[in-house]
Every structure is written in C-alpha cells, then in structure tokens.
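**Q** Spelled out, the chains give:
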Amino acid sequence: MGAVLAVYGEYLGRWLPPLVRAAVVTLELAALSIAVGLILGLVVALMKMSHLAALRRAAGAYIEVIRGTPALTQIYIVYFGLAGIGIRLDNFTAAVAALGINTAAYMAEIYRAGIESVHKGQREAALSLGMTPARAMRYVVLPQAWSVVLPPGTNLAIAILKDTSLASAIATPELMSRAYDLVGQSWRPMDIYVLAALIYAAMCLPLGLLVRRLERPARRGEVEEPGGPRRRIGLRGPWVAVGTKGDGAEGEAGAGAETAPGRMT
Amino acid sequence: MTSDAFAFWRIFFARLPVFLPVLLKGALTTVEITLASLVVAIVLGLLLALLRHARIPILSGLATAYVDLLRAVPVLTTLFIIYFGLAYMGIRLSSFAAAITGLGLLGAAYMAEIHRAGIESIHRGQREAALSLGMTPATAMRYVVLPQAFRVVIPPTANYAIGLLKDTAVVSTVAAPELLFAAKTLVSQTLLPMQIYLLAALVYLSLSLPLARLAHYVEVRLSRGG
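Read top to bottom, the protein sequences are chains A and B. Counted the way my numbering counts, the first sequence spans residues 8 to 272. Counted the way my numbering counts, the second sequence spans residues 48 to 273.
Mixed in with the good hints, there may be bad ones.
In silico contact screen, one side only, chain B against chain A (beta carbon under 10 Å); selected entries [stated by the list, open to error]:
#, residue
1, Leu116
2, Met136
3, Leu140
4, Leu227
5, Pro240
Keep in mind that the hints were calculated from the coordinates and are not lab data. Quick reminder that beta carbons are idealized off the backbone N, C-alpha and C, glycines included.
Only chain B is shown next, with the shape it has when bound in the complex:
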C-alpha cells in the first residue's frame, strides 16, 4: 500500500517536466479570463453604480434589482445559464466567451457595490462645491467625485480580483481550457489525481499570493494617504 503510494509519487516527479508546461499553459488562460472579466465587471459595475446613484425612477430600480439578484446566485448557475441556456436559445458562445460573459455579468453586481461605496464615501460637500462652480452633475461626477472615489475603490477591487481568479476554476465545468481543466485532462490521462490537483493548487497559489501581497501593499499605502 505505502510502497504503491510512493511509486505514484516517483512517477509524478519523473513526469513533472511534462505536466508542468500543460498546467502553466492553462494558467495563462486562467489569467486571460480573469483580466477580461475583471474589465467587463469594472466598466459594467460603474455603469450600474451610476444608474443607482442617479435615481432615475425605473432604471435605478432595475440596477438595484440586478445587483441584489445576481449576488444571490452561484457562479456555476450563472455560467450554465449563459453557456447551455443561451446555446439552447440559438446563441452559441465558446466556453471562453461564456466564461468572460458570465463572470463579467456576475462581477458587475459586486463591482457596482464597491463603486457605490466609493462614490458614497466622498463628502457631498465636494459635489455641492463643484455644482456651485457651475459644473453639470455629470462633469462634477467625472472630474470631482470619481477621481476621489478611485482611491477608496482600489483595495476592495484588488480583493475582488483575487476572488475572481479563484472563481475562474468553475469555468472548467464548461470545458474552457484553463488551469483546472488542464489538470482534469491530465488526471484522466495519468490517474494521478492527488499529485496533479495538488500541483494545480500550487499554481493557483503562486498566482493569488503575489496578488494578495500587492493588494495588501496598495491598501496600506492608500490608507496612509501616500
């Protein structure tokens, strides 16, 4: 039994030069999906936050409903609706496109809350001062409120990006060729689940830990007012 287990580890380490490049290629896709869906989430989230902030009767209500509803639904369910559901209705997305759409749409709900907290953290005197100088509400938002809110928004956004990086693992269920899917493929070829999934976890860790350190550093710097 134990000698068997060690034999598996020996095979694993002997083949490591084959396994690692496959996983790293998957990790590259993971990073691509993370970045693309982060951009979608940030832009769409800002739009939602501004819509809620503007208090336009129906639109603001819809934005609020979007934010509350999507935050109550799992990533996997959203992804299946977009990948399998839309395909059934005739809109075929590649697993990569479905991943970015799903994570982006879901992320927008979270980013909307982060943006809202940022906008609300700016003292309303700032906006009033801008308006009294003759700026339009839109200009005041663009040149006075948002630049200041930016500082407040960065740390939670960085934290959200780490969560997003981990959420991309879910995309493996619709066969997007990312890290966990690459690991799954290797496992089905080698029958070394423990070794290969641990290696995959290690690759995730080497992506998320530096990001976490960076987020922490930025947070400390910003809170110090530097």
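Only chain A is shown next, with the shape it has when bound in the complex:
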C-alpha cells in the first residue's frame, strides 16, 4: 500500500493532467453518443409503435440486431468496415456514430416502456380535445412518460460512459487510449490503469447516486394506500414493462431494473 502511494506521489503530477484532459474527451464522446441515441431512439420507438407493419418490423429488426451484437463489433463495422467500402470517417466521428446507433436501440425500448406506462385515456382525452396525434404525443404523453424514462435512461448513460472506452480500439483519443499511451511511455501498467479505473468511477458513481434519487419517487408511487386506489398509477408499470415486455435481448438497458433498484449497468 505504501509503495503504491509512493509511486502515485512521484508520478501523479505527470499522469493526472493528460488523463483528466482525455477524460474530458470521454465525456464529450459520451454526451454526443447519448444525444444521438436520445433522438434516434425516439424515432425508433415511435416507429415500433406505429400503425404501419413495415415500420414496426424495421424498428423491431433494428433493436434486435443492435442489441444482439457487441458494441465493439459495431465500432469496427462503422470505422474499418465503412473505410473498406470507401467511406472514411475519423475515429471520433466513427465512435460517436457507432455508440449513438447502439444507444438508440436500448433507448427505444426505454421510451416505449415510458410511453406505454401513460394511461391511454390521456391520449384519448387529448385527441377528443381536438389535438392531432402528434400534438397529443408531444404535449400530453411524452411529458408524462419522461419521469418513467429518466431512471433507466440515466442507467443507460452510465453504460455508454463506460462503453466509450471501447473507442480506444480505434485510437479515439479518450481516457483509455491515453492511458494506453502513458503505459507505453512509462511501463507502469498497474498504476496507470488503476488510475484510469478510478477516473471512470469518479465519473460514473455520481450518476449512479442520481439514479437512486430518481428511482425513489417512482417507487413511492407504487405504495398502495390503505383502503384506497393506487396513487399515481401511471408510474407503476414501467419497471415491470422494461424487464418483461421487451422482446428479447434485455442487455444493459432494462434488465433487472425492477428487481434490482439502483443497479448500475
């Protein structure tokens, strides 16, 4: 223990600044991938719930294929595969594209669970007031689905933050590849990779605490009032829905969200 601390005392000043700068790139990578995933995921979720069978099937296939294959394989296809057929992306863009496409598939299922948790009477009431289906979705259903989407959505964000480390396989200059470079210079793999792990933990743990906070009110909504109906019934379903209704590979996104509160993926 003392020896480890001595090593850090000697080298921390040299290692920490480049690693922290690289961690900023990691955060950028994660934020952009999540942004792509949030937008594309909503499109896929709405397609999955469309009246048109073709759209439903396309969205279903997208979700199954993406969730059934490793993120690293997807990164290789977008970076090396596209380059092989003449489309050259730089490694940062390729990482954002691959991770965004990956996030969208998980996010779509989270959105769908959220939207389905809103009682259909809400939508019907909005339609009967003369709103178009799009406006009813935008102003009535989605705002209510949001509180249900947020906890598993944050869990997904943590998973993406960790998955950005895979971008080091295509030399995107993020935390893991910077750590790899430093190991090449100093040949101190244990100390540097442990330091990188601690930086990842420092980024992920606050998000994990946030999930626990977000989950609390949702769970309070489940409590049955003595002798009365369930309050805030709209908040009851989603935890079950994400875990059980999803058709197939419940990877990181929804699995165990109901059974394991505060689970970080």
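With chain A held as given, fit chain B onto it using these hints.
**A** Frame of chain A, contents of chain B only:
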C-alpha cells in the same frame, strides 16, 4: 467504384467456406469464455450478496464497496488491469485466463445485485418462520430463502448472460482467440473489413438471439408461476 465494391463481395462469397470455419472456431471460444466467467460471476456474486446480507461490520462494507466500485469501471479497463497490470507485477495470466478472471470479477458485482434483489424479494416471514422452527440462520438461508429466491434470480441472470456474451468481444483486445479476434485476424489477411465484420456480427446474433428467446420464455413461464 461500385464495380470494385461488388468485386469484393464476390471474393468474399467465394471464400466464405474458408472464412466461416475460422469464425465458428472463434465463436466456440467466445461461448467457453462466457460460460466460465458466468460461473465465476454467479458463485462470487452469491458470496458477495450473502456477505452484504449478513451485516458483518467490516466485511459487509467491503462487499458493498466492491459491488459499487466495479460497476463503475469499464470492462476494458478491468481487463487491462488484470492482463497487463498483473503481468507487470509478476503474475502472468494467459489472455484466456485473464478474460475469465476479468469478466468473472466484474460480473460478480452485477450478479451480487441480482442475488440481493432475489433474497430481498422473499418475504421476511419466510425466514422468521424457518428460524422459529429451530433452523440456524444459515440453514434457513440455504433451505428456505435461496430456493425461493432462485426463481426471481433466473430471468435477470439470463439477461446478464446475454450482456456477458457481448462483453466477451472486448477480450479480443488482449488477443484471446475468440470470435472478434478471429475476425480481426481474417481482416488483416484479406482486407475485407466490412464483409468479415458483418459476418462476425451475424455469428454473434445467432448466439445471442436464441439466448434472448430462451430468457424471454423462461421469464414468461416463471412469472406465470409455472
């Protein structure tokens, strides 16, 4: 340009009988790594969950810290610590052993949460009844609580196994001869990245989709109480 692209596809399909066996051999290693690390994760995860549950002052705190910390660290980082870090300290593991150790240790943190949720889902009256019958806490856990928790634990464990199967791809970075590494090797020999990585993705899909169907089936069966 387009004729070039088609030429590559033609070469790819002509060589498919050569490529596919190489990838399938890699897929076998992928399955081996998945199963071995799943066993490590389940056993170690149960130990961690029991330690947390037992509320032994220091040990329970350590188990909680282990679970929280490891879930906040990427698979790749854990793997590098175990493969490169330990080697530097004189403990040389093969890439295969490092993969199972890394994925197993990391998986234990996730499985501990799944086991904990299972144990906590059993009404405490069950345990109290067992204790009032004269069972020791350990016997009550072994014969009353855990068998019932088992049903709750199976669906998320199956889902976790699918995640684990995909996580094994990361092991290719330390040159364990699994599916993605086999694909990488083929790409460096043939310069057909798109075709070969798509084929690799297809092989992953043919492993994960049946597993997902099975997990879904088991989940429905168990929730029905069958």
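**Q** Against each hint, give a clear statement of whether it holds in the structure.
**A** Against the structure, the hints:
no., hint, in the structure
1, Leu116, "6 Å, holds"
2, Met136, "6 Å, holds"
3, Leu140, "13 Å, violated"
4, Leu227, "6 Å, holds"
5, Pro240, "4 Å, holds"
When held up to the earlier numbered hints, the structure conflicts with hint 3 and nothing else.
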